[in-house]
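Visitor: The chain contents come next:
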Amino acid sequence: MLILSIFLTNCSGVKQLEIFKQEVPREKLNLNTPTPLELENLRWIIITSKNADEVFKKLEEQGIDPVLWGLTDKDFELLAKNFARIRNQLKITNDLLDKYKEYYEPEVKNEQK
Amino acid sequence: MSIRLFFIGILASAIIGAGVYVMKLQRDNAILKENAIKLESAVADQKALIENQKKDFQDILDANNKMNELVNVLKKDLEDLDKRFNKKNRDVGKLAIAKTKSIERITNGASALATRCIEIASGSPLTEAELNATKKSEINSECPSIANPKYIPY
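Heads up: the protein sequence lines correspond to chains Z and V, in order. Here the numbering used here is used: the first residue of the first sequence is 1, the next is one more, and so on. Here the numbering used here is used: the first residue of the second sequence is 114, the next is one more, and so on.
The shape of chain V in the complex, shown without the other chains:
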């Protein structure tokens, strides 16, 4: 009788133990599933962050390139101005003595164009004529790089 009870006890313990173990496995499984979902979400977040960073780096690179381009074209405008005064050992003073009226006219024309250049540099919107200028006769010769975006020097 006592042996039978002993075996029944062992059997019952084994069944209860197995049940508890299965329940533990189920709980672990549920936690693992939750972890997997969290990991997937974290990976997606990381991917989005990396994409955003890539876009930011590209934007920074583009902005730097555009600023460098601007600095270079403005430098060229300044060199062109220097050429107008000193091209082929030109002496503006002597020219002004010899052709006073025409140099005065040219000076006033250039001065008006240079004034317009400062307005544009300060943010004034370009006029239709400035936007569409493609010929030398149409451009603002003092600052074509900022006044005439369609003009390609020839």
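Isolated chain Z (complex conformation):
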């Protein structure tokens, strides 16, 4: 009885609880980079009061509906500038994204290289 009680008390001792902290890095977002745009080229046709008939006739000959969406020279200038502004904004936003990625995920950038 004595031997059994000694045996049991020695084997079933309460172990000290060990708590440890380990920093687990946050998962990388790793979103795919958007596919660059592949745009279609437009054909601009200039119509003046002198060549309007000729232009519409040519369109008909080419099987194209003789109808055109028009812009004045001033509006054309504005359209060109608007597109340039959109392009600049796109470039800045993309570069900004690259810079953030370079700074916060340099190893991802290196892996891509």
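By construction, these hints were calculated from the structure, which means they are not laboratory data. Heads up, the beta-carbon is just placed ideally off N, CA and C, and yes, glycines get one too. Among the clues, some could well be false.
EDC-like cross-link-like pairs, simulated, lysine to aspartate or glutamate; straight-line CA separation at most 20 Å [said to hold, decoys possible]:
(1) V:K263 to V:E232
(2) Z:K74 to V:E232
(3) Z:K81 to V:D195
(4) Z:K81 to V:E192
(5) V:K214 to Z:D73
Ranges between beta-carbon positions, derived for each pair [what the hints assert, rightly or not]:
(6) Z:E23 to V:I128: 48 to 56 Å
(7) Z:E38 to V:D175: 31 to 39 Å
(8) V:N185 to Z:K50: 39 to 47 Å
(9) Z:K28 to V:D204: 53 to 61 Å
(10) Z:T93 to V:E192: 15 to 23 Å
(11) V:K188 to Z:K28: 30 to 38 Å
(12) Z:E107 to V:N221: 26 to 34 Å
(13) V:D175 to Z:S49: 50 to 58 Å
(14) V:A225 to Z:V24: 47 to 55 Å
(15) Z:W69 to V:P266: 34 to 42 Å
Based on these hints, arrange chain V on the given structure of chain Z.
Guide: Only chain V this time, still in chain Z's reference frame:
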């Protein structure tokens, strides 16, 4: 006899006391050594942290400078576009009436270049020709700052 015992007692106490004191000094010495090692390690960690912070500050500064450079060159591209329309009181409308065909050709050429500029801005890689362009005749005149990195305006 009792005096002798008394002195022996004092001597023994002194020897034991000295021994305990030496052991305490040894323990203190060991703790001080450990502390010195810990301090050295902490100083090294601090130095590494400061170096990392310096590198981060430099990276932030570089990124800001590059973004400012980009904004400035893009602004210049926009100003150049404005000049093409209005240089020396140029009236594109009147020019188009006088030289319809050639202005139509120029407009379509510029439109194709501008389209390519948007593709580049969206992340399209530069072609060899774009990368190596250095002359005015070789560049994308709509956005040389982003299309032709080797081109230096002259």
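Visitor: Taking the hints in turn, state whether each one holds.
Guide: Hints, one by one, checked against the model:
1. V:K263 to V:E232: holds, 19 Å
2. Z:K74 to V:E232: Judged against 20 Å, a Cα distance of about 25 Å means the pair is violated.
3. Z:K81 to V:D195: holds, 8 Å
4. Z:K81 to V:E192: holds, 10 Å
5. V:K214 to Z:D73: holds, 15 Å
6. Z:E23 to V:I128: 48 to 56 Å: Roughly 54 Å apart at Cβ, these two residues keep to the hinted range, so it holds.
7. Z:E38 to V:D175: 31 to 39 Å: holds, 32 Å
8. V:N185 to Z:K50: 39 to 47 Å: Since the Cβ atoms of V:N185 and Z:K50 sit about 43 Å apart, the hinted range of 39 to 47 Å holds.
9. Z:K28 to V:D204: 53 to 61 Å: Holds, at about 55 Å.
10. Z:T93 to V:E192: 15 to 23 Å: holds, 21 Å
11. V:K188 to Z:K28: 30 to 38 Å: holds, 34 Å
12. Z:E107 to V:N221: 26 to 34 Å: violated, 46 Å
13. V:D175 to Z:S49: 50 to 58 Å: Hint holds: Cβ distance 56 Å, inside 50 to 58 Å.
14. V:A225 to Z:V24: 47 to 55 Å: holds, 52 Å
15. Z:W69 to V:P266: 34 to 42 Å: holds, 35 Å
Violated hints for the displayed structure, listed by number in ascending order: 2, 12.
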